[in-house]
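**Student:** On the provided structure of chain G, position chains C and D as indicated by the hints.
So you can see what is in the structure, the chains are spelled out below.
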Amino acid sequence: MTELLSLPLETVQDMYRRMVLIRRFEDQLYALFLQGVVPGTLHQYQGQEAVAVGVCTALRPDDVIFSTHRPVGHFLARGSTARGIAAEIMGKADGCAGGKGGQMHLTDVSIGAMPSNAVVGANIPIATGAALGFQLRGQDRVAVSFFGDGASNIGAFHEGVNLAAVKDAPVIFVCENNQYGASTAISSMMRIADIADRAAAYGITGCVVDGMDVIAVYQAALEAVEKARRGGGPTLLECKTYRYAGHSRGDPGGYRSREEVEHWRERDPIPQLRTLLINERGLSETELMAIENTCQLEVREAIEFALNSPEPAIEETYLNVYAEDK
Amino acid sequence: MSTREMTMVEALRDGLRVAMHSDPGVFLIGEDLGIPGGFGGGFTVTLGLAEEFGHARVMDTPVSEIAIIGAAVGAALVGMRPIAEMQYGDFVFCGMDQVVNQAAKMHYMSNGQVSVPMVLRLPVGASARGAQHSQSTEAWFMHTPGLKVVCPSNPYDAKGLLLAAIRDNNPVIFLEHKLLYGGKGGRKESSSAARVAGVPDDDYEVPLGTVSVKREGSDLTILANMLMLHRAMEAAEVLARRGILAEVIDMRCLTPLDMQPLTASAQKTGRVLIVEEDNLTGGWGAEVAARLNEVAFFYLDAPVTRVAAPDTPTPSAPILEHEYVPSVERVIEAAVRIMAG
Amino acid sequence: MIHNIIIPALGATGGDMVFEEWRVQPGQFVKSGSALFVVTTDKATVEVEAFRDGYLRETQVSPGEIVSVQMVIGRMTDTLEETLSGGSVREAVKVEDRIPQTEERPKTGIGPPRRILASPLARRMAAELGLDLASIKASGSEGQILKRDIVRSAENTHVEGGVRRIPLSPMRRAIAQRTQQSNTEVPYFHGAAVIDMSEAKVMLKQAVAWAEKNEWVAPTITDFTLRAAALALRQIPALNASFRGEEILYFEDIHIGLVIGLPEGMLIPVVRHTDRLNLFTLAATTHRLRTSAEDGQLSSSELSGATFTVSNLGMFGLDSFTAVINSPEAGILSLGAAKEQAAVWQGNLAIRWQMKATITVDHRVVDGITVAKYLNEFKQLLENPLCLALEIPQEGIK
Chain G
1 MTELLSLPLE
11 TVQDMYRRMV
21 LIRRFEDQLY
31 ALFLQGVVPG
41 TLHQYQGQEA
51 VAVGVCTALR
61 PDDVIFSTHR
71 PVGHFLARGS
81 TARGIAAEIM
91 GKADGCAGGK
101 GGQMHLTDVS
111 IGAMPSNAVV
121 GANIPIATGA
131 ALGFQLRGQD
141 RVAVSFFGDG
151 ASNIGAFHEG
161 VNLAAVKDAP
171 VIFVCENNQY
181 GASTAISSMM
191 RIADIADRAA
201 AYGITGCVVD
211 GMDVIAVYQA
221 ALEAVEKARR
231 GGGPTLLECK
241 TYRYAGHSRG
251 DPGGYRSREE
261 VEHWRERDPI
271 PQLRTLLINE
281 RGLSETELMA
291 IENTCQLEVR
301 EAIEFALNSP
311 EPAIEETYLN
321 VYAEDK
Chain C
327 MSTREMTMVE
337 ALRDGLRVAM
347 HSDPGVFLIG
357 EDLGIPGGFG
367 GGFTVTLGLA
377 EEFGHARVMD
387 TPVSEIAIIG
397 AAVGAALVGM
407 RPIAEMQYGD
417 FVFCGMDQVV
427 NQAAKMHYMS
437 NGQVSVPMVL
447 RLPVGASARG
457 AQHSQSTEAW
467 FMHTPGLKVV
477 CPSNPYDAKG
487 LLLAAIRDNN
497 PVIFLEHKLL
507 YGGKGGRKES
517 SSAARVAGVP
527 DDDYEVPLGT
537 VSVKREGSDL
547 TILANMLMLH
557 RAMEAAEVLA
567 RRGILAEVID
577 MRCLTPLDMQ
587 PLTASAQKTG
597 RVLIVEEDNL
607 TGGWGAEVAA
617 RLNEVAFFYL
627 DAPVTRVAAP
637 DTPTPSAPIL
647 EHEYVPSVER
657 VIEAAVRIMA
667 G
Chain D
668 MIHNIIIPAL
678 GATGGDMVFE
688 EWRVQPGQFV
698 KSGSALFVVT
708 TDKATVEVEA
718 FRDGYLRETQ
728 VSPGEIVSVQ
738 MVIGRMTDTL
748 EETLSGGSVR
758 EAVKVEDRIP
768 QTEERPKTGI
778 GPPRRILASP
788 LARRMAAELG
798 LDLASIKASG
808 SEGQILKRDI
818 VRSAENTHVE
828 GGVRRIPLSP
838 MRRAIAQRTQ
848 QSNTEVPYFH
858 GAAVIDMSEA
868 KVMLKQAVAW
878 AEKNEWVAPT
888 ITDFTLRAAA
898 LALRQIPALN
908 ASFRGEEILY
918 FEDIHIGLVI
928 GLPEGMLIPV
938 VRHTDRLNLF
948 TLAATTHRLR
958 TSAEDGQLSS
968 SELSGATFTV
978 SNLGMFGLDS
988 FTAVINSPEA
998 GILSLGAAKE
1008 QAAVWQGNLA
1018 IRWQMKATIT
1028 VDHRVVDGIT
1038 VAKYLNEFKQ
1048 LLENPLCLAL
1058 EIPQEGIK
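Protein chains in written order, with this note's numbering: chain G, 1 to 326; chain C, 327 to 667; chain D, 668 to 1065.
Bound-form chain G, shown alone (with noise of 0.2 angstroms):
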């Protein structure tokens, strides 16, 4: 509470804002999904919100931010545009990687959102390396990594982690716990019950906190980051959240109880921010409702444009393969 009324009223509308606008955009995205318009498959956020903005806020522009096979929220909220996004994934010739990239792996260097990553886990030790640039170079930059609760298994994440923290680099290690790794719940796939215990095992500083709050993410990771860049090394933040999508869109989540997704449901962070900004803060309902419209608005233009966007020249095939010297 008093966290979020000491933040600046600009900030908060604009964490809601961006939690709306990605949720809109992802229950669009489903719907042309349903249409058959979208190639491929999606990895939908709806239902972890408040993780990708409470981080995201956290960050200055010239921080660099490592998605994954998910990347949706994380690019909304850290800035890049609905219709690039939009058009990447239709895999259009103004999607922001030119239609090469697809879904699982946006790019845009603008706002310092890295390749996301498709390969669980592996943008962990990447991350790290970010890192250790930065702090190579003297630059107080951080650099944040996102995965799931099922990449904590992988090796990558064992040895990022690991050299992250015998080298202090200063990169937040942001472990989005949704209870699953595809259709495993995460429960039977380790012998702890949170991930963030891990941390002790390397020596760093870990944190549990309430993947449905935003401002408690906003906070969590504003304390890590500045942590990280005192120098003060890297920070596990395991936020405890929920996807109420299935794993990808061919998924209808069998392996999940009703009773569980609407106990998450009930706990979603949009509504909860809501609720927040009327009482805490005397936001009115039309004030709201038109942060709301503008969403959707942006949501629906971006949609036009990437059904609009043509599809990208076929010699695109053969370009970008490598690198031009200088």
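Treat the hints as calculated values from the structure; they're not laboratory data. One or more of the hints may lead you astray.
Below, simulated SDA-like cross-link-like pairs (lysine to any residue); rule was C-alpha separation at most 20 angstroms, straight line [stated by the list, open to error]: (1) D:1046 x D:869; (2) C:594 x C:608; (3) C:594 x D:869; (4) D:1006 x D:863; (5) D:872 x D:855; (6) C:594 x D:737; (7) C:594 x D:794; (8) D:872 x D:1006; (9) D:868 x D:1004; (10) D:1006 x D:889; (11) D:872 x D:844; (12) C:594 x D:818; (13) C:594 x D:868; (14) C:594 x D:790; (15) D:804 x D:737; (16) D:804 x C:665.
**Tutor:** Just chains C and D now, kept in the frame of chain G:
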């Protein structure tokens, strides 16, 4: 500018030094690189560099190939020029995802928004250490679009190619044959060629994507890399005394591959023999043979032939390893057979 | 096991060896150390022994053939029961035998008619040189023709003693057949004349200048002589004929074959209706035919249908010669070089350009008077070259 006699180890070390002096973004990352009182990497290449440039830029890591390569990717993405070392080239497989799925693809997937200007140094080649410390891994990387593959055979090329690789904006796999290091002091390979050559001690580059004609001839073209290049040259000497004039080309860059001199040579001699230390099936020789078939078929008087290691893991006993690695005799035999028709 | 029998290095200092004979018959047993075959080198005749016990199963050379070191000349097996499934015993990759025996091609003498195996380079060279692969001996161990076989075939291999053995090319074979037949069958008669070419040379100069100005093909002396030969044939049509056993054919149209010398022999393209072509047209025609001949582009229709032939070796400086008739034509005109000579001209001693022309005719068709008339007409035309340029009276105009 002056020239000094250097072994390949010294030439590589000098190249690293020159690169690190010229660009503060260049740093080294790997195991046992700069440990005080240590060996300077797997084969002494980095000896002394930590003292000169500090332990931040000569970064020692845990035993973590995924993290070494991954961190190099990450640092490269934010504008550094990391040079990662695997203690043995065989260990690259521990971190293959980071090479093939990450480093090689980021530029393409991002449609050119990012690039990965890193070098990955791999000590390769059979040296009596058994199957997991002996492989020649070039074919894996030649097969992967987005990577460049370099494999020098001599100190001059080694330093020049290394500097070019560091300055290249793409991930470069840089293979170094253990028996060509010729290291003095510290860890000297007992059967190493200990070759020294005159190497300029200043900043120079040998361009990537080139091969080098090391000996001219008109009867037979021999294509070889790294240690096999030396075997081919020895064989060429013997063949010359028997009236067979072999042209020997050093395949020091496999990607990008400059087909033009290879084609010209095949057209001239009509016979091509490939000598490689990697396993026969799917080795780099298979790719080159396929390409020569496509562009020089009507000039060939004999099929393009390969001498390679057999399709087995590397045996350890010296007598067996000797059977495994193509010898000068095998090269000569193959050449004579080709000439006989 | 199947073993190749190869020609060992016998200490010859160079060049080929000739296979003389087998000392064993196919199917016979030969003991290691006993005589297997005989070869003649530049130094001596050598008896080559078998290196192992076995049975001679297959021979790939016959007496008199040229062989070379390492060449596979036959095969033997350890036992008589084993079959020869084909191919040479090659050292394959040591781990597995990658080439199954059944897929290898059968060698000479076994199985269905053999495809000609040749390396891509050998094929290309053979095509470029106009060599028939079927006539070339293969020295490759799989029976394939290699570059060295083409080179040997085309360019002669040196056997000591100064003897060069060149197989007949198709062109040479054709020339040999034609001239032999002509020589055997046709009773010859020759006539010769010396022709003053000074006037013709002057006119030629003018004609060439005119042609160059108009960017036409410039005429040559040969073109002049061709036109003269054609116009003379018109006047003495008895020569435009052919002997055919019980009858003589007299041709209404005049088509003169012009001999074109080439490095590998000669070709005789035909100028159709030679008499109807004016000098510049004739020049263009002969130029085109000559170029086509040199490029090997002449069609068979361009090489047939001549009623008379002209051969001008004079361009190579020869004074005179007597060509062989191009059977079944009745005559051939051989022209020597036009040279400056001391001669009597209009009662005075002068230096004049003179050319010797010899005509060879088939005496069954033509007799001496006709020959004399023809040569005279030919001579008159060239000595009064304006007449070459003039047309005959056109018909139908009063």
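**Student:** Each hint needs a verdict: does it hold in this structure or not?
**Tutor:** Now for the hints, and whether the structure bears them out:
Between residue 1046 of chain D and residue 869 of chain D the CA atoms are separated by roughly 16 angstroms; this keeps the pair inside 20 angstroms, and the hint holds. For the given pair, residue 594 of chain C sits about 27 angstroms from residue 608 of chain C by alpha-carbon distance, which is inconsistent with the 20 angstroms threshold. Taking the CA atoms of residue 594 of chain C and residue 869 of chain D, the gap is near 52 angstroms; set against the 20 angstroms cutoff, the hint is violated. Proximity of residue 1006 of chain D to residue 863 of chain D is assessed by CA-CA distance (about 10 angstroms); at most 20 angstroms being required, the pair is judged to hold.
The straight-line distance between the Cα atoms of residue 872 of chain D and residue 855 of chain D is roughly 37 angstroms, outside the 20 angstroms bound, and the hint therefore fails. For the suggested pair residue 594 of chain C and residue 737 of chain D, the alpha carbons sit about 24 angstroms apart, so the restraint of at most 20 angstroms is broken. Of the pairs offered as hints, the one joining residue 594 of chain C and residue 794 of chain D holds, with about 19 angstroms between alpha carbons and a cut-off of 20 angstroms not exceeded. Between the alpha carbons of residue 872 of chain D and residue 1006 of chain D the distance comes to roughly 16 angstroms, so the proposed pair stays at or under 20 angstroms and holds.
The hinted pair formed by residue 868 of chain D and residue 1004 of chain D meets the criterion: a straight-line CA distance of about 12 angstroms does not exceed 20 angstroms. For the given pair, residue 1006 of chain D sits about 14 angstroms from residue 889 of chain D by alpha-carbon distance, which is consistent with the 20 angstroms threshold. Straight-line distance between C-alpha atoms of residue 872 of chain D and residue 844 of chain D comes to about 40 angstroms, which puts the hinted pair past the 20 angstroms bound. A threshold of 20 angstroms between alpha carbons decides the hint, and for residue 594 of chain C with residue 818 of chain D the separation of about 15 angstroms falls inside it, so the pair holds.
Restraint check for residue 594 of chain C and residue 868 of chain D: not satisfied, since their Cα atoms lie roughly 50 angstroms apart, outside the 20 angstroms limit. At most 20 angstroms may separate the alpha-carbon atoms for a hinted pair to count; residue 594 of chain C and residue 790 of chain D meet this at roughly 16 angstroms. For the given pair, residue 804 of chain D sits about 15 angstroms from residue 737 of chain D by alpha-carbon distance, which is consistent with the 20 angstroms threshold. Distance check on the hinted pair: residue 804 of chain D and residue 665 of chain C sit about 17 angstroms apart at the alpha-carbon level, within 20 angstroms; holds.
Comparing the model with each numbered hint stated earlier shows that hints 2, 3, 5, 6, 11 and 13 do not hold.
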